[in-house]
Amino acid sequence: MEVEGRDFLNTPPMKTVRFGGSVAETMEKLRKGDNSDYELLKHQLADPDIKDAHIINWLQEFRGCMTQLTKDHEQLIYTVLRLPWVGRSPDVVDEFMAFLSNLVSAQTVYLYACLKMVVSHFTPQRVNICEGGVDISDSEDEDDNLPRNFDQCHQALQLIIRYVPSTSRFLMPILHDGFPFIQKSSRTLECYVHNLLRLTVYIPSIRRDVLELIIGRLLKLDVSASRTDIEEAEDDVAQKHPEEGLFDMDEDMSTDQPTRANVMAHPEAERLDTLMAVLMAYIRDVCCVDGSFHAERTKELYKDLLSVFDKLILPTHASCHVQYTLFYLCSFKLALAETFLDHLWKILQNPSQPAILRQAAAGFLGSFLARAKFVPVFTVRACLDLLLTWIHRYTDSQDNSCKQVCCDISLHGPFYAACQAVFYVLIFRHRAILEANMKKGLEYLQSLNLERVVMCQLNPLKVCLLSVTNMFAAVTRKYQVVFCYTIIEKNNRQVLPVVRSSAGGDGVTTNTNPLDSFFPFDPYLLKRSGQLIEPLYQVWDELAGTDLLPAKVAQQVLKEDEDDFLSGEMSHGEGMLGMTPSSYGSNICCPSSVDSPSMAHHGAFKF
Numbered sequence: 002m003e004v005e006g007r008d009f010l011n012t013p014p015m016k017t018v019r020f021g022g023s024v025a026e027t028m029e030k031l032r033k034g035d036n037s038d039y040e041l042l043k044h045q046l047a048d049p050d051i052k053d054a055h056i057i058n059w060l061q062e063f064r065g066c067m068t069q070l071t072k073d074h075e076q077l078i079y080t081v082l083r084l085p086w087v088g089r090s091p092d093v094v095d096e097f098m099a100f101l102s103n104l105v106s107a108q109t110v111y112l113y114a115c116l117k118m119v120v121s122h123f124t125p126q127r128v129n130i131c132e133g134g135v136d137i138s139d140s141e142d143e144d145d146n147l148p149r150n151f152d153q154c155h156q157a158l159q160l161i162i163r164y165v166p167s168t169s170r171f172l173m174p175i176l177h178d179g180f181p182f183i184q185k186s187s188r189t190l191e192c193y194v195h196n197l198l199r200l201t202v203y204i205p206s207i208r209r210d211v212l213e214l215i216i217g218r219l220l221k222l223d224v225s226a227s228r229t230d231i232e233e234a235e236d237d238v239a240q241k242h243p244e245e246g247l248f249d250m251d252e253d254m255s256t257d258q259p260t261r262a263n264v265m266a267h268p269e270a271e272r273l274d275t276l277m278a279v280l281m282a283y284i285r286d287v288c289c290v291d292g293s294f295h296a297e298r299t300k301e302l303y304k305d306l307l308s309v310f311d312k313l314i315l316p317t318h319a320s321c322h323v324q325y326t327l328f329y330l331c332s333f334k335l336a337l338a339e340t341f342l343d344h345l346w347k348i349l350q351n352p353s354q355p356a357i358l359r360q361a362a363a364g365f366l367g368s369f370l371a372r373a374k375f376v377p378v379f380t381v382r383a384c385l386d387l388l389l390t391w392i393h394r395y396t397d398s399q400d401n402s403c404k405q406v407c408c409d410i411s412l413h414g415p416f417y418a419a420c421q422a423v424f425y426v427l428i429f430r431h432r433a434i435l436e437a438n439m440k441k442g443l444e445y446l447q448s449l450n451l452e453r454v455v456m457c458q459l460n461p462l463k464v465c466l467l468s469v470t471n472m473f474a475a476v477t478r479k480y481q482v483v484f485c486y487t488i489i490e491k492n493n494r495q496v497l498p499v500v501r502s503s504a505g506g507d508g509v510t511t512n513t514n515p516l517d518s519f520f521p522f523d524p525y526l527l528k529r530s531g532q533l534i535e536p537l538y539q540v541w542d543e544l545a546g547t548d549l550l551p552a553k554v555a556q557q558v559l560k561e562d563e564d565d566f567l568s569g570e571m572s573h574g575e576g577m578l579g580m581t582p583s584s585y586g587s588n589i590c591c592p593s594s595v596d597s598p599s600m601a602h603h604g605a606f607k608f
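Under the numbering used here, the first residue of the sequence shown is numbered 2, with each subsequent residue one higher.
Each hint should be verified, as a subset may be incorrect.
Computed list of lysine-lysine pairs in DSS-like fashion (alpha-carbon distance at most 27 Å, straight line) [stated by the list, open to error]: (1) Lys221 with Lys304; (2) Lys117 with Lys185; (3) Lys334 with Lys304; (4) Lys300 with Lys374; (5) Lys30 with Lys43; (6) Lys404 with Lys374; (7) Lys374 with Lys441; (8) Lys312 with Lys347; (9) Lys334 with Lys300; (10) Lys441 with Lys479; (11) Lys347 with Lys374; (12) Lys304 with Lys374; (13) Lys72 with Lys30; (14) Lys463 with Lys441; (15) Lys300 with Lys312; (16) Lys72 with Lys33; (17) Lys347 with Lys300; (18) Lys491 with Lys404; (19) Lys441 with Lys404; (20) Lys479 with Lys374; (21) Lys374 with Lys334; (22) Lys334 with Lys347; (23) Lys43 with Lys117; (24) Lys221 with Lys185; (25) Lys33 with Lys43; (26) Lys479 with Lys491; (27) Lys491 with Lys463; (28) Lys312 with Lys221; (29) Lys72 with Lys117; (30) Lys117 with Lys52; (31) Lys374 with Lys440; (32) Lys52 with Lys185; (33) Lys479 with Lys440; (34) Lys347 with Lys304; (35) Lys479 with Lys463.
Note that these hints are calculated values from the structure, not bench results.
I would like the entire structure built from these sequences, with the hints used as guidance.
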């Protein structure tokens with residue numbers, strides 16, 4: 002039976018009737034001991050099909066008796082805060098905003114609940130999917146209204162802050178607890194991180210804490226996706242689908258979604274790539290206002306990121322990508338890069354710092370100088386001067402100590418790390434040092450007195466990574482700066498001293514290379530966020546490198562077809578003494594559009 006196009010047999014009745022008295026009457030009856038209407042009110046407020054008119058009417062009535070809504074009625078208030086107001090009609094949104102304003106003003110005991118409610122909307126709506134009889138709960142990824150919904154959330158937060166200026170003190174624990182599990186979808190994580198960063202625009206006092214929270218979660222993703230695992234996953238996909246990427250005639254060419262070729266095969270790497278793209282877009286939009294560099298904003302952001310770097314990134318072993326946030330930020334201004342290098346230098350040469358952090362600082366220093374295209378030769382030379390002066394003073398102190406000097410990593414770890422940094426930088430930057438003026442460049446290399454370094458009793462060539470040692474020997478031999486092969490051959494006939502494994506365990510000892518640790522700015526593997534890094538990054542020139550090596554060794558390197566001369570030697574196993582394990586607007590609509598600095602700011606993190 003149908004009446005005016007309505008199927009009464011298959012359609013549930015439309016709810017147009019509200020039961021019970023007004024909120025004021027209900028509260029009065031409850032005060033007298035009758036809770037029937039009170040329970041009915043809570044039941045009707047929890048109706049998932051509640052109408053806009055009813056929401057508006059009830060919210061208006063609640064505002065009229067706000068002083069009565071003490072902590073005794075917290076279950077009722079929690080039910081009101083769960084009303085589906087986000088994305089509803091403008092009248093519902095406006096009325097809910099007014100209710101929030103009145104509530105936090107009159108009853109500050111509900112501030113935490115209000116903040117938690119708003120933050121719960123920082124991710125897309127949860128949906129339940131049944132696959133094979135198993136319920137899978139995650140967030141809805143396809144919602145065209147997300148930008149509008151998130152705008153409403155931030156309007157609500159700004160309104161609360163207006164009435165309760167101390168709100169920021171209560172916000173961080175809620176943001177921390179609300180952070181989605183790292184195995185959630187990339188879209189869920191992306192939305193949450195986007196909204197956290199957007200918070201910092203109007204609550205700048207929490208930016209450092211927010212960055213610490215985000216980077217801490219990114220590091221968990223980063224260390225769970227090792228360089229080897231990412232490369233193997235990409236190789237597997239390439240072997241299974243060798244034709245992909247050649248013909249995309251059937252693909253949707255819209256820039257709103259990442260192409261298949263830009264999606265990481267490793268699931269953790271894909272999530273990390275998405276979040277790194279959001280974070281780098283945020284960095285870019287803080288530093289550049291209307292296309293112009295903003296020095297003061299950049300300086301403040303650098304301070305916050307550097308604090309997080311010292312606390313989280315520097316002590317973390319085996320992170321491959323998160324440290325590129327500072328690499329990217331430093332590319333905006335040479336003064337930032339030089340300040341970062343000076344910071345690393347101060348950690349390295351400070352004896353009051355833990356040796357493991359000094360070694361880590363040396364790794365960052367050498368890797369940054371070698372890989373950052375935006376660091377000019379005169380800065381490289383200035384850093385080499387500092388490093389070599391410190392190294393020579395260190396050897397002098399050992400020679401004058403009247404003690405037997407031996408190759409002992411546990412005693413001289415920062416020294417060996419500094420030596421390896423020097424060797425690594427010279428491998429990558431010797432051409433730049435020499436190409437402007439060969440004669441003056443050679444005079445400069447001679448002035449570094451590298452022969453004294455390699456000939457000293459501490460014997461750094463015995464400890465440094467073998468690939469670094471061999472390539473450094475080839476460079477210095479070609480330009481007749483120092484001859485290392487006699488020492489290398491002598492070292493090859495000996496074994497390294499036994500060192501205790503840094504991986505812990507029950508006293509296991511190994512004979513591995515103690516400096517066999519990753520270089521922090523090894524090649525960036527993430528595809529979409531990597532578009533920002535690529536134009537700034539100095540890759541290893543394999544052919545130029547093999548020209549330096551003896552013919553037999555050069556042929557072997559070419560056969561291996563590695564994309565970096567350190568590949569294959571960067572083990573992360575036991576026994577290393579390196580870094581130890583530590584116990585927008587449009588970006589939301591089009592999350593994966595990340596451009597290089599020279600390109601248009603399509604997909605930037607908008608404020």
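Comparing the hints with the structure gives:
1. For the hint linking Lys221 to Lys304, the alpha-carbon distance of about 23 Å falls within 27 Å, and the restraint holds.
2. About 20 Å separates the Cα atoms of Lys117 and Lys185, which keeps this hinted pair within 27 Å; it holds.
3. At roughly 14 Å between alpha-carbon atoms, Lys334 and Lys304 fall within 27 Å of each other, so this suggested pair holds.
4. Taking the CA atoms of Lys300 and Lys374, the gap is near 21 Å; set against the 27 Å cutoff, the hint holds.
5. A threshold of 27 Å between alpha carbons decides the hint, and for Lys30 with Lys43 the separation of about 14 Å falls inside it, so the pair holds.
6. Under the criterion of a C-alpha separation no larger than 27 Å, the hint pairing Lys404 with Lys374 is inconsistent with the structure, at around 43 Å.
7. With a C-alpha separation of about 22 Å, the suggested pair Lys374 and Lys441 falls inside the 27 Å cut-off, and the hint holds.
8. Between the alpha carbons of Lys312 and Lys347 the distance comes to roughly 16 Å, so the proposed pair stays at or under 27 Å and holds.
9. Taking the CA atoms of Lys334 and Lys300, the gap is about 10 Å. The hint holds against a cut of 27 Å.
10. Between Lys441 and Lys479, the direct Cα distance comes to roughly 16 Å. Compliance with the 27 Å bound is thereby established for this hinted pair.
11. Between Lys347 and Lys374 the alpha-carbon distance is near 23 Å, which keeps this suggested pair within the 27 Å criterion.
12. A distance of roughly 23 Å separates the Cα atoms of Lys304 and Lys374; the hinted pair therefore holds under the 27 Å criterion.
13. In summary, the hint linking Lys72 to Lys30 is supported, as the alpha carbons are separated by about 18 Å, within the 27 Å threshold.
14. Restraint check for Lys463 and Lys441: not satisfied, since their Cα atoms lie roughly 30 Å apart, outside the 27 Å limit.
15. Restraint check for Lys300 and Lys312: satisfied, since their Cα atoms lie roughly 19 Å apart, inside the 27 Å limit.
16. With a C-alpha separation of about 18 Å, the suggested pairing of Lys72 with Lys33 holds against the 27 Å cut-off.
17. Taken as a hint, the Lys347 and Lys300 pair is honoured in the structure, with Cα atoms around 19 Å apart against an allowance of 27 Å.
18. In summary, the hint linking Lys491 to Lys404 is supported, as the alpha carbons are separated by about 23 Å, within the 27 Å threshold.
19. Among the hinted pairs, Lys441 with Lys404 is inconsistent with the structure: their alpha-carbon atoms are about 39 Å apart, more than 27 Å.
20. This hinted pair checks out: Lys479 and Lys374 have alpha carbons roughly 24 Å apart, not beyond 27 Å.
21. Under the criterion of a C-alpha separation no larger than 27 Å, the hint pairing Lys374 with Lys334 is consistent with the structure, at around 12 Å.
22. The hinted pair formed by Lys334 and Lys347 meets the criterion: a straight-line CA distance of about 20 Å does not exceed 27 Å.
23. For the suggested pair Lys43 and Lys117, the alpha carbons sit about 20 Å apart, so the restraint of at most 27 Å is met.
24. At most 27 Å may separate the alpha-carbon atoms for a hinted pair to count; Lys221 and Lys185 meet this at roughly 13 Å.
25. The straight-line distance between the Cα atoms of Lys33 and Lys43 is roughly 18 Å, inside the 27 Å bound, and the hint therefore holds.
26. At most 27 Å may separate the alpha-carbon atoms for a hinted pair to count; Lys479 and Lys491 meet this at roughly 21 Å.
27. Of the pairs offered as hints, the one joining Lys491 and Lys463 holds, with about 9 Å between alpha carbons and a cut-off of 27 Å not exceeded.
28. A distance of roughly 14 Å separates the Cα atoms of Lys312 and Lys221; the hinted pair therefore holds under the 27 Å criterion.
29. For the hint linking Lys72 to Lys117, the alpha-carbon distance of about 17 Å falls within 27 Å, and the restraint holds.
30. The hinted pair formed by Lys117 and Lys52 meets the criterion: a straight-line CA distance of about 24 Å does not exceed 27 Å.
31. For the suggested pair Lys374 and Lys440, the alpha carbons sit about 23 Å apart, so the restraint of at most 27 Å is met.
32. At roughly 32 Å between alpha-carbon atoms, Lys52 and Lys185 are farther apart than 27 Å, so this suggested pair is violated.
33. Our distance criterion of 27 Å between C-alpha atoms is met by Lys479 and Lys440, whose separation comes to about 14 Å.
34. Restraint check for Lys347 and Lys304: the C-alpha separation of about 16 Å stays at or below 27 Å, so the hint holds.
35. Restraint check: the Cα-Cα separation between Lys479 and Lys463 comes to about 21 Å, which is no more than 27 Å; the hinted pair holds.
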